[in-house]
Amino acid sequence: MGAAASAVTVVTATGAEAAPGQPILQGLSNNAGTAGTTLISAGSGITLTVRNNGAGAGAFFFAQNNNGFAGGTGAGSKYGLSAANTGSASSGAGMAASGINNTGVLANTANVDRYAVEATNLSTTSSGDGGAGGGIWADGGDGVGIAALSPIGVPAVVSIGDTYYIEGHEVVLTLSSVVYGVTSANGPEVTFSGQITLNGSGAGAATLDAATVADVDLTEPVSLVSPITGPMPNLWISTSPAGVVSVAGGAAGGTVSYRVIGVRNDWSIALDAADTKAKRTTARAKSLATALLKRAGR
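Taking the numbering used here, the leading residue of the sequence shown gets 1, the next gets one more, and so forth.
Think of the hints as simulated: they come from the structure by calculation, not from any bench.
Check before you lean on any hint, since a few could be wrong.
In silico SDA-like links for lysine to any residue, alpha-carbon gap of 25 angstroms or less [claimed, not checked]:
1. LYS78 / ALA32
2. LYS78 / ALA42
3. LYS78 / THR125
4. LYS78 / GLY43
5. LYS78 / ALA35
6. LYS78 / GLY135
7. LYS78 / PRO23
8. LYS78 / ALA93
9. LYS78 / VAL112
10. LYS78 / SER44
11. LYS78 / ILE136
12. LYS78 / LEU106
13. LYS78 / GLY54
14. LYS78 / ASN121
Using C-beta positions, here's what the derived DEER-type ranges look like [what the hints assert, rightly or not]:
15. ILE24 / GLY72: 20 to 28 angstroms
16. THR47 / ASP142: 21 to 29 angstroms
17. ALA83 / PRO188: 23 to 31 angstroms
18. THR229 / THR120: 27 to 35 angstroms
19. ILE136 / ALA59: 55 to 63 angstroms
20. GLY134 / GLY68: 26 to 34 angstroms
21. ASN111 / ALA32: 33 to 41 angstroms
The C-beta atom is built at its ideal place from N, Cα and C for all residues, glycine as well.
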């Protein structure tokens, strides 16, 4: 090829595979033996382009005893690996990784002002209802969906928004307590509280949240009432099993505060605790927390 020859010469294959030191043969195997192949350019264009217009993959890299693909960048505003899916919406992705018996995706950073993993959904909607997608989707299978760990005193999870939604029985278990819906308790107790403005007869009523009451036993609740706008010596309170709080004996037009305490009667305590999934889940959560703390050296 004379003066037009480059550092890497590519010719059309007409015979057997190329041996080490020979030009790369298109359409045939090329065996470099123990030698490596280096391609260097100094231009602003792409150094190497591989394209398959058929049904096969664009490129395949595999290493038996080292990283399958090793790459990076020295530019702070660029990416060590850039991948995109330009097809229409379907089940594909910009990048797929399968760890089989190992971690699927492993990411880290040493910069305290950066995140090891950052995900952004760039879609927009003017309806205010949003869509079915989001920033991160995690399916733990038979394991936890997301495990978050941080130093003591630093929140493991920071959520900014109007709602923290939990599907199921709306129970959040911690190592020492339970957060149930919008209430919390050290065990199966659930606390409701609020204020009532009394009518001209010094009476009033309030209805507790129906979704929460459905899983709470209020047949023998603890009901407390306190006057706010002044002394009310004859004030009394009662709570029905349906979750209706009734107050009477107060001052006309006055305001009182109430607190009602019931006991959860949902699946986590309705059955023998030794046989419930709730107990197994709690034990598993505590075991996971212990493992995470051990992994962090605490």
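Going down the list of hints, with the structure as the test:
Simply put, LYS78 and ALA32 have alpha-carbon atoms about 32 angstroms apart, too far for the 25 angstroms limit, and the pair is violated. Annotation: proposed proximity of LYS78 to ALA42 holds, straight-line Cα distance about 17 angstroms (limit 25 angstroms). As the CA atoms of LYS78 and THR125 are separated by approximately 29 angstroms, the hinted pair breaks the 25 angstroms bound. At roughly 17 angstroms between alpha-carbon atoms, LYS78 and GLY43 fall within 25 angstroms of each other, so this suggested pair holds.
For a cut-off of 25 angstroms, the pair hint linking LYS78 to ALA35 is broken: about 30 angstroms separates their Cα positions. With a C-alpha separation of about 21 angstroms, the suggested pair LYS78 and GLY135 falls inside the 25 angstroms cut-off, and the hint holds. Pair hint LYS78 plus PRO23 does not hold up; C-alpha atoms about 33 angstroms apart against a cutoff of 25 angstroms. A hinted pair counts as satisfied when its Cα atoms are at most 25 angstroms apart, and LYS78 with ALA93 qualifies at roughly 20 angstroms.
This hinted pair checks out: LYS78 and VAL112 have alpha carbons roughly 19 angstroms apart, not beyond 25 angstroms. Pair hint LYS78 plus SER44 holds up; C-alpha atoms about 14 angstroms apart against a cutoff of 25 angstroms. Simply put, LYS78 and ILE136 have alpha-carbon atoms about 22 angstroms apart, close enough for the 25 angstroms limit, and the pair holds. As the CA atoms of LYS78 and LEU106 are separated by approximately 19 angstroms, the hinted pair is consistent with the 25 angstroms bound.
Straight-line distance between C-alpha atoms of LYS78 and GLY54 comes to about 30 angstroms, which puts the hinted pair past the 25 angstroms bound. A distance of roughly 20 angstroms separates the Cα atoms of LYS78 and ASN121; the hinted pair therefore holds under the 25 angstroms criterion. Our hint of 20 to 28 angstroms for ILE24 and GLY72 holds, since their Cβ atoms are close to 24 angstroms apart. Between THR47 and ASP142 the beta carbon distance is about 45 angstroms. The supplied range of 21 to 29 angstroms is therefore violated.
Distance hint check for ALA83 and PRO188: the Cβ-Cβ separation is about 49 angstroms, which falls outside the suggested range of 23 to 31 angstroms. In this structure, THR229 and THR120 break the distance hint of 27 to 35 angstroms, their C-beta atoms being roughly 50 angstroms apart. The hint said 55 to 63 angstroms for the Cβ distance between ILE136 and ALA59, and at roughly 28 angstroms that hint is violated. Between GLY134 and GLY68 the CB atoms are about 30 angstroms apart, so this pair conforms to the stated range of 26 to 34 angstroms.
For the hinted restraint 33 to 41 angstroms between ASN111 and ALA32, the CB-CB distance of approximately 38 angstroms keeps it satisfied.
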